[in-house]
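Trainee: Sequence:
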Amino acid sequence: MKFYHILFYSLVLFSIEYHFFKHLNNFITNKLFRNEDTVKAAFKEFFHSKTNDFYILETMKPFNR
1 MKFYHILFYS
11 LVLFSIEYHF
21 FKHLNNFITN
31 KLFRNEDTVK
41 AAFKEFFHSK
51 TNDFYILETM
61 KPFNR
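The sequence shown runs contiguously to residue 65 in the numbering used here.
Just so you know, these hints were derived from the structure itself, not from any lab. Fair warning: this is a prediction, and the values are worked out from it, not measured in the lab.
Straight-line C-alpha distance at most 27 angstroms; calculated DSSO-like pairs for lysine-lysine:
no.: 1; residue 1: K22; residue 2: K50
no.: 2; residue 1: K22; residue 2: K44
no.: 3; residue 1: K22; residue 2: K40
no.: 4; residue 1: K31; residue 2: K44
no.: 5; residue 1: K50; residue 2: K40
no.: 6; residue 1: K50; residue 2: K31
Quick list of the computed label-pair ranges, beta carbon to beta carbon:
no.: 7; residue 1: D53; residue 2: L32; range: 27 to 33 angstroms
no.: 8; residue 1: I16; residue 2: H48; range: 15 to 21 angstroms
no.: 9; residue 1: F21; residue 2: N52; range: 16 to 22 angstroms
no.: 10; residue 1: A42; residue 2: Y18; range: 18 to 24 angstroms
no.: 11; residue 1: H48; residue 2: K22; range: 14 to 20 angstroms
no.: 12; residue 1: L32; residue 2: N52; range: 26 to 32 angstroms
no.: 13; residue 1: E17; residue 2: T51; range: 16 to 22 angstroms
no.: 14; residue 1: F33; residue 2: D53; range: 27 to 33 angstroms
no.: 15; residue 1: N52; residue 2: E17; range: 17 to 23 angstroms
no.: 16; residue 1: Y18; residue 2: N52; range: 17 to 23 angstroms
no.: 17; residue 1: D53; residue 2: F21; range: 14 to 20 angstroms
C-beta atoms are modelled at their ideal positions from N, C-alpha and C, and glycine is treated no differently.
Whole structure, please, built from the sequences with the hints as guidance.
Mentor: Below is the structure:
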């Protein structure tokens with residue numbers, strides 16, 4: 001029974017990570033980071049640009065290849 005729980009947990013995390021990083025990749029594409037402060041600012045901008053619905057609904061979509 002433990003195996004199924006771990007497998008389900010892994011699939012849920014995979015889906016969340018896939019959608020989250022897909023959007024993050026789109027956001028940072030073609031941006032130039034000259035130092036650590038510009039990286040931090042870009043990440044703050046990304047996180048603040050997303051609504052709560054994104055974190056709840058978008059990341060919970062099933063993974064489709």
